[in-house]
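Sequences and hints are given; from them, build the entire structure.
For the sequence shown, counting from 1, position 102 maps to 108 in my numbering; every step adds exactly one.
Everything labelled a hint here was simulated from the structure, so no lab data went into it.
Think of the CB as a built atom: it goes at the ideal place given N, C-alpha and C, for glycine as much as any other residue.
One or more hints might be untrue.
[As the list claims (entries may be wrong)] Just the calculated beta-carbon pair ranges, DEER-fashion:
{"id": "1", "residue 1": "Asn-209", "residue 2": "Ser-369", "range": "29 to 39 Å"}
{"id": "2", "residue 1": "Gln-230", "residue 2": "Tyr-465", "range": "38 to 48 Å"}
{"id": "3", "residue 1": "Arg-84", "residue 2": "Ala-403", "range": "39 to 49 Å"}
{"id": "4", "residue 1": "Ala-144", "residue 2": "His-173", "range": "25 to 35 Å"}
{"id": "5", "residue 1": "Asp-480", "residue 2": "Ile-299", "range": "47 to 57 Å"}
{"id": "6", "residue 1": "Asn-106", "residue 2": "Thr-128", "range": "24 to 34 Å"}
[Claimed, not checked] Below, simulated DSS-like cross-link-like pairs (lysine-lysine); rule was C-alpha separation at most 30 Å, straight line:
{"id": "7", "residue 1": "Lys-399", "residue 2": "Lys-556"}
{"id": "8", "residue 1": "Lys-211", "residue 2": "Lys-105"}
{"id": "9", "residue 1": "Lys-278", "residue 2": "Lys-235"}
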Amino acid sequence: MSLEPSTGESAEALAVSTEGTLIVSRSIDRTQERLELLVRAGELFHQSLELDDTLANVARTAIESFADLCLFDLFDERSERLYVTAGAHRDASLDPMLKNLGSSILYSSGSRAHPAVRVSQTGESVLLPVVDAQVIAAHAASREHAAFMHRMGYRSKIVVPVAAQAHIFGALTFVRTGSEAFDERDVRAAEELGRRAGLAVANAKQYRREQHVAATLQRAFLTQDFPTKRGLAFHALYRPGLSDADLGGDWYDAFQTPDGWVIVTIGDVTGKGVEAARLMVNLRQSVRIAATIAHEPSAILRIVNNALMLDRSDALATAFVGAVSPDLSIMRYASAGHPPAFLRWEHGGIAVLDAASPPLGISRETTFEDRDLAIADGDLLVLYTDGLTEITKDAIAGEAMLRRVLESEAALHAANPARYVERAIAQGEQRDDIAIITLQFGRSRHRWRFDVGDPSAAYAIRRDLLGSILEIADATIDELQSCELIFGELIGNAVRYAPGPLSISLSAEGADVVLHIIDEGPGFDYHPALPLDPWAESGRGLFLISCLGKAVTVSRLPGYGSYVRVQLPVRSHREFATDHGTELAS
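Below you can see the structure in the form of structure tokens.
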């Protein structure tokens with residue numbers, strides 16, 4: 007015989023059963039949320055070594071389901087103090103307050119240490135299941151901390167260490183502002199997230215140390231100590247990539263052998279980081295050693311290739327080597343898969359210095375071909391790595407753009423051609439690292455560079471400019487005064503419209519003497535006319551220049567500034583006429 011429960015007993019049992027089912031269901035949901043948080047956070051930690059951005063993304067993930075507020079407080083390596091590194095609140099309007107916390111709230115003058123400071127010192131987690139006004143008063147490290155807890159709406163709190171490899175990097179705080187309290191299972195999930203965050207911090211710090219070593223190697227070996235041979239002017243530039251991950255193995259170098267040959271080289275090792283920097287140093291030094299054995303660029307590349315093959319690395323490298331004869335009349339060159347160099351002749355033509363040899367490191371049997379090029383006074387050699395021409399990820403289009411930049415006469419008259427080329431091509435859109443070295447033949451005099459904000463430099467250059475005009479031209483006192491007025495008006499125009507560096511040069515072109523001025527401002531339009539207002543200052547200077555100069559042109563330089571070319575009212579001496587080089591058969 008079975009016993010039937012009464013109606014009242016059935017209803018009570020059903021209520022208890024339903025409540026238990028809801029509790030179990032909620033517990034399962036909470037467990038699922040914790041697992042999802044750990045999985046998503048793990049994915050974020052593996053996506054990037056940019057630590058601050060990664061921690062911010064993890065904090066935003068945590069507030070979606072696990073907490074209403076998440077804060078990462080990490081130690082600053084210099085001050086050894088905690089600072090709020092990243093944070094997020096479910097109420098996005100409070101995020102700006104989190105960004106401005108810094109370290110002040112963690113070290114306010116109070117009677118007790120901040121919980122994040124205590125946890126980062128002891129490595130022991132803190133759980134406050136229920137937070138009310140009384141708990142805040144007992145728990146807060148200072149009045150500022152208590153006010154912050156009230157402002158953020160603290161109702162339950164967990165603080166766990168961010169630790170890995172027996173090292174504590176800081177603390178991780180979770181806060182709930184609703185009625186549901188944290189429990190021990192939440193603490194275990196938070197501690198696991200803190201452990202994973204610690205591994206991410208450790209990896210990021212190791213990566214930054216390696217990048218620092220690589221950057222230090224590059225700075226140490228990308229020298230500006232070039233040969234000081236009369237008739238040669240070197241300029242070089244290196245720009246690292248936009249992120250640390252883009253730090254590569256680019257190099258350039260130039261040196262003179264004991265018997266007067268000048269070796270100029272540029273190259274790029276595949277790969278990034280410390281290993282690429284190490285190989286860069288080895289190959290750069292191998293070029294110098296090889297040049298003591300042979301002057302032929304092909305022989306130098308053959309020796310460097312063998313050195314790379316002896317290295318146990320499987321990296322490849324591209325390289326260009328040029329050898330300039332002691333009398334500066336011929337440059338012999340060879341390339342190992344490197345982007346083609348350009349020689350901009352003074353008369354306006356451009357020679358593409360290409361050689362179809364494979365990169366270094368492929369085979370010991372690789373051969374390299376020497377070619378000869380005649381050079382002359384005023385010619386400009388431009389060597390670069392592929393970061394320059396692959397800015398748009400189209401090397402062919404990039405080389406065509408470089409050619410157009412060099413076709414401008416401004417390239418010959420920029421005080422720093424390497425800087426001119428980089429700015430004109432990159433235009434602020436650099437991705438990969440860029441190395442450039444330029445070599446100008448003959449023209450080491452009659453060119454200046456200064457900042458227009460330095461009046462004393464302008465006066466000194468004006469004096470030198472007038473002396474240079476008298477040196478290369480026949481000029482009366484009136485003509486010299488006209489030249490001085492032209493120079494003064496151009497400098498004044500630059501002060502008003504193009505503050506910053508200014509390149510100035512003087513050239514003799516047949517019977518003409520030409521003043522070249524290149525600024526790095528936004529550019530300006532040339533309309534040589536008197537202003538309608540006779541008392542107005544604007545416009546008068548360009549009108550005077552057009553009247554005093556034999557010919558005036560103004561060109562905008564994309565990504566750089568303006569190029570002003572003025573044919574001065576003087577006549578040059580015949581001995582300053584120049585010859586132009588042509589390419590020789592190899």
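A quick look at each hint next to the structure:
no.: 1; hint: Asn-209 with Ser-369: 29 to 39 Å; result: 37 Å, holds
no.: 2; hint: Gln-230 with Tyr-465: 38 to 48 Å; result: 28 Å, violated
no.: 3; hint: Arg-84 with Ala-403: 39 to 49 Å; result: 44 Å, holds
no.: 4; hint: Ala-144 with His-173: 25 to 35 Å; result: 31 Å, holds
no.: 5; hint: Asp-480 with Ile-299: 47 to 57 Å; result: 51 Å, holds
no.: 6; hint: Asn-106 with Thr-128: 24 to 34 Å; result: 28 Å, holds
no.: 7; hint: Lys-399 with Lys-556; result: 44 Å, violated
no.: 8; hint: Lys-211 with Lys-105; result: 22 Å, holds
no.: 9; hint: Lys-278 with Lys-235; result: 35 Å, violated
Hint compliance for this structure: hints 2, 7, 9 are broken, all remaining hints hold.
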